[in-house]
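Peer 1: Given next are the chains, with one letter for each unit.
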Amino acid sequence: MSTQTQGGQVPGTTRIHNIGYRNYDGPRLGRAYARRSLYSQSLRGAFGLGRSAKSKVLPMILLGIMCMVAAIIVAVAVATPNMTDLPLKYTRYAIIMQALIALFLASQAPQSVSRDLRFKSVPLYFSRPIERVDYVLAKFAAMASAVFVLTAAPLVILYAGALLAKFDFADQTKGFAQGLVSVAVLSVLFGGIGLVLAAFTPRRGFGVAAVIATLTITYGAVSTVQAIAWETGSAGVIQWLGLFSPVTLIDGLQTAFLGATSAFPGGEGPGAGVGVVYLLVVLALIAGSYGVLMRRYRKVGL
Amino acid sequence: MIATESLSKRFPRVTALDRLSLDIGPGVTGLVGANGAGKSTLIKILLGLSPATEGRAAVLGLDVATNGARIREQVGYMPEHDCLPPDVSATEFVVHMARMSGLPPTAARERTADTLRHVGLYEERYRPIGGYSTGMKQRVKLAQALVHDPKLVLLDEPTNGLDPVGRDEMLGLIRRVHTDFGISVLVTSHLLGELERTCDHVVVVDGGTLLRSSSTKEFTQTTTTLAVEVTDSDAHPDGTAALRAALTAAGLKLHDRTEDGLPGAGHILLLEAAGEETYDTVRDAVAELGLGLVRMEQRRHHIAEVFRPEAAKAMEVQA
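Going down the list, the sequences are from chains B and D. Numbered according to the numbering used here, the first sequence spans residues 3 to 304. Numbered according to the numbering used here, the second sequence spans residues 32 to 350.
If you are wondering where the hints come from, they were derived from the structure by calculation, not from laboratory data. Bear in mind that the values here come from a model prediction, so they are computed numbers and not experimental data. Don't take every hint at face value.
[Claimed, not checked] Calculated pairs, DSS-like style, for lysine-lysine (alpha carbon to alpha carbon, straight line, at most 25 Å):
1. D/K168 <-> D/K182
2. D/K284 <-> B/K122
3. B/K56 <-> D/K168
4. B/K56 <-> B/K168
5. B/K91 <-> B/K168
6. B/K176 <-> B/K122
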C-alpha cells in the first residue's frame with residue numbers, strides 16, 4: 003500500500019523502487035472527457051494513427067490522392083496564362099472524387115464500429131461512465147470528421163492555390179465557403195450511412211462490401227435512369243430521381259443552395275423549391291442514421 | 032459494498048431475479064449459481080445498465096437506479112466472454128479503457144503499465160493481443176477492470192477456459208486484488224470448490240433467489256472431501272478394501288458411495304477431512320499397509336452438492 007521509495011532521493015545513490023500496488027487518487031474526468039477521448043481515438047483511427055503500419059496505408063493513400071489531384075489542378079491553373087478562375091468549382095470536387103470517398107468510408111466505417119461489435123468490446127465501454135448516447139455520438143462525429151478532413155483538405159489546397167494565382171479574392175472565398183458547407187453536409191450524411199451499414203455487419207468484409215455497394219449501386223442506378231429520362235425527353239423527373247442516392251442528394255442540395263453546377267444530365271439540378279425537399283431528405287437520413295445506431299446499441303449493452 | 036432489497040427482474044418469459052435481498056461487505060465474495068441462476072442479470076443491475084423490475088439495489092452506497100454513472104466510475108467489470116480486439120497490444124487497449132474510465136492521458140499510461148505488471152504481463156504487453164494464450168487474455172481482461180483503481184470489481188467467471196494451473200494462478204491473483212490492492216471483489220462461478228479457497232464469503236443463488244449466504248469457513252467445514260487412491264500389493268490384493276478397513280479403524284469417517292461412472296471409481300475412497308491431521312492419518316495408514324499412494328486430493332465440489340439432502344441437513348445443523 004505504501005508508495006515510499008527507500009534509499010534516498012539523492013541522484014546517484016541506489017534507489018529501491020517499491021513495486022507494490024499504488025492507489026490512484028488523481029482526477030477522474032468523467033463522461034464528457036471519455037466521450038472526447040473516444041472521439042479523438044476513433045478519428046485518429048480512421049487514418050490509421052495509433053494503429054498498425056498496415057492500417058495506415060489505405061487511408062493515407064486515399065488522402066494523398068485527394069490532395070494530389072487538387073494540387074495538380076492548382077498547378078495547371080497557376081501555370082496557364084490568362085486564367086481568372088479555377089478550372090472547376092469547389093463544390094464539384096467531391097462529386098468528381100466520389101469513388102475515393104466511398105472507398106475511404108467503406109474501409110474505415112467497419113473499422114470504427116464492427117470491431118467493437120465483433121470482438122464484443124462494447125460491454126467494456128458501457129460498464130464505464132459513458133453511455134450509449136455518448137458512444138454513438140462520439141463514433142458518429144468521428145466518422146463525419148474523418149470524411150470531412152478527407153474532403154475539405156483538397157478544397158483548402160484549391161483555395162490556397164487560387165489565392166496564390168491572384169484570382170478574385172471575394173469570388174474565391176465565397177466559392178470556398180460554399181464548398182466547405184457542402185462537404186460538411188456530405189460528411190455527416192456519408193458518415194451516418196457508413197456507420198449504420200457497418201454496425202449491422204459485424205464481419206468487416208461484409209461491412210466494406212455493403213458500404214461500397216450502397217454508395218455506388220444507388221449512384222449508378224440513379225444516373226442511368228436520369229440519363230434515360232434525359233434521352234427520352236422527360237427532363238422534369240431528373241431532379242426527383244436525384245433523391246435516391248447519397249451522392250446525387252448532395253449534388254442536388256448544393257445546386258439548389260450553394261451555387262453549384264449540377265452534374266445531372268443537362269445540368270437539370272433542382273431549384274430552390276425542390277431543393278427544400280432535398281434538404282429535408284438529407285436531414286431525415288442523418289437523423290435516421292442516428293436513430294438506427296441508437297437502437298442497434300440498445301441490445302448489445304452487456 | 033453491495034446491498035439489494037427484494038430485488039426482482041422479470042422478463043416476459045422468465046423471472047431472472049426473484050425478491051433477492053443481499054448484503055455484501057468488503058472482501059472477496061463469491062457468487063455461486065448454476066448457469067441461468069441470475070448471476071449476470073444481477074451484475075447488469077448492479078452496474079446500473081438494466082433497471083430492476085422492483086426492489087432496490089445500492090453499490091458503494093449509491094443507488095443503482097439514479098447513480099449508475101458514478102457507480103461505474105468506481106467499479107470495474109470483467110465480462111465472462113471474450114472482449115479483446117486481436118489487432119492492438121495489451122498496453123494500447125488498456126490505456127484506451129483507462130481513458131474511457133475518465134483517467135487523464137498520463138495517468139492512464141502510468142496506471143496501465145502498473146496494472147499490467149501486477150496481473151503478470153511483462154514484455155508481451157507490447158505485442159498484439161491476437162497472439163496471446165487464454166491465460167494471458169484473462170489477465171488483460173482483469174487488468175482493464177482494475178486499471179482505474181476501482182473500489183469494487185465484478186468478475187464474471189474469471190477462470191472460464193483456463194487449465195488447472197492457470198485457474199490457480201487466476202484465483203491467487205483475485206485473492207491479491209483484495210489483500211494487496213485493497214479492492215473488494217465479487218466473483219461469480221459455478222464451481223463452489225474454487226471459490227472456497229479464494230473467497231471470504233460465499234453467496235449461493237438459484238433460480239433468482241438467495242439459497243445461502245455465509246462465510247467460506249462454514250462451507251469448507253461441511254464439504255471438504257478427500258479422495259484417496261492406492262495400489263494393490265502382494266500382501267493386500269485389494270488395497271482399497273484394506274485401506275478402508277484401516278482408516279475406519281483409525282476413526283475416520285468414510286463415505287459409503289464411490290464416484291460412479293468415473294475412471295477407477297471402485298478404487299477411490301472418499302472420506303471427510305476433519306483437518307490437517309486427517310492427511311497425516313491417511314499417509315501413515317497407507318505406509319503401514321505398504322501400499323502405493325496414487326493420489327490424495329481435495330474433491331472439487333460442484334454447486335449441486337449444496338442441494339444434496341445430506342449436505343443441506345449438515346448445513347442446517349451448522350446454521
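Peer 1: So, against the hints stated earlier in the document, which numbers end up violated here?
Peer 2: As far as the earlier hints go, 2, 4, 6 are violated by this structure, in ascending order.
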